[in-house]
Amino acid sequence: MFPENGHHAPTERAVEVHHPTPITPAVTAPLVPVQPGTIPTVASIVLPDGRIVTGYAVEAAKPEPVAAKPVVSRAAVNVALGGVGFLAVCGGLLLLTTFITALAALITQLITLATVVFGGWIAVQVFSAGGDKGGTTVNIRKAVIKRNKFYG
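When we follow the numbering used here, the leftmost residue of the sequence shown carries the number 76, and every step to the right adds one.
If you are wondering where the hints come from, they were derived from the structure by calculation, not from laboratory data.
Among the clues, some could well be false.
Claimed, not checked - Label pairs and their calculated CB-CB ranges: (1) A177 <-> V152: 32 to 42 Å; (2) L185 <-> S148: 25 to 35 Å; (3) F193 <-> N153: 56 to 66 Å; (4) V121 <-> E91: 21 to 31 Å; (5) A180 <-> A155: 55 to 65 Å; (6) P123 <-> H93: 42 to 52 Å.
What you are looking at is a predicted structure, and each value in this text was computed from that prediction instead of being measured.
In this text, a Cβ means the ideal position worked out from N, Cα and C, and glycines have one as well.
Based on the provided sequences and hints, a complete structural model is requested.
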């Protein structure tokens, strides 16, 4: 348990070795040659405490131009087209109504004409005095009834 020299045996510890992970170098974008006329101007500003700050002047971001709105809105165009369609339907309904009215008048006139023609034919048949046509002739005489007795 104890070594011969009387000292405790050194305890062994597990040694952990950490190896750093190498950082991959960042890939830089290739430099694009700049036209000489597009290099921004350098501006210097003197601060109140006397320091001078030099840098490029940055222009404010310009908003995208808004597309010009049409003079007439889409809603107005839709309402107008709906009105045109409504008028077209109303015109068609008006023509249909006119057609139905004319058809009803024609049928009424045909019924009236048939009634007049058929009624005239019946009247001619009833009131014609064209002689004996083979029918039964009945002579009606003045009959006298006295005290429940018929004298004919």
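Quick rundown of the hints versus the structure:
no.: 1; hint: A177 <-> V152: 32 to 42 Å; in the structure: holds (38 Å)
no.: 2; hint: L185 <-> S148: 25 to 35 Å; in the structure: violated (55 Å)
no.: 3; hint: F193 <-> N153: 56 to 66 Å; in the structure: holds (59 Å)
no.: 4; hint: V121 <-> E91: 21 to 31 Å; in the structure: violated (56 Å)
no.: 5; hint: A180 <-> A155: 55 to 65 Å; in the structure: violated (37 Å)
no.: 6; hint: P123 <-> H93: 42 to 52 Å; in the structure: holds (50 Å)
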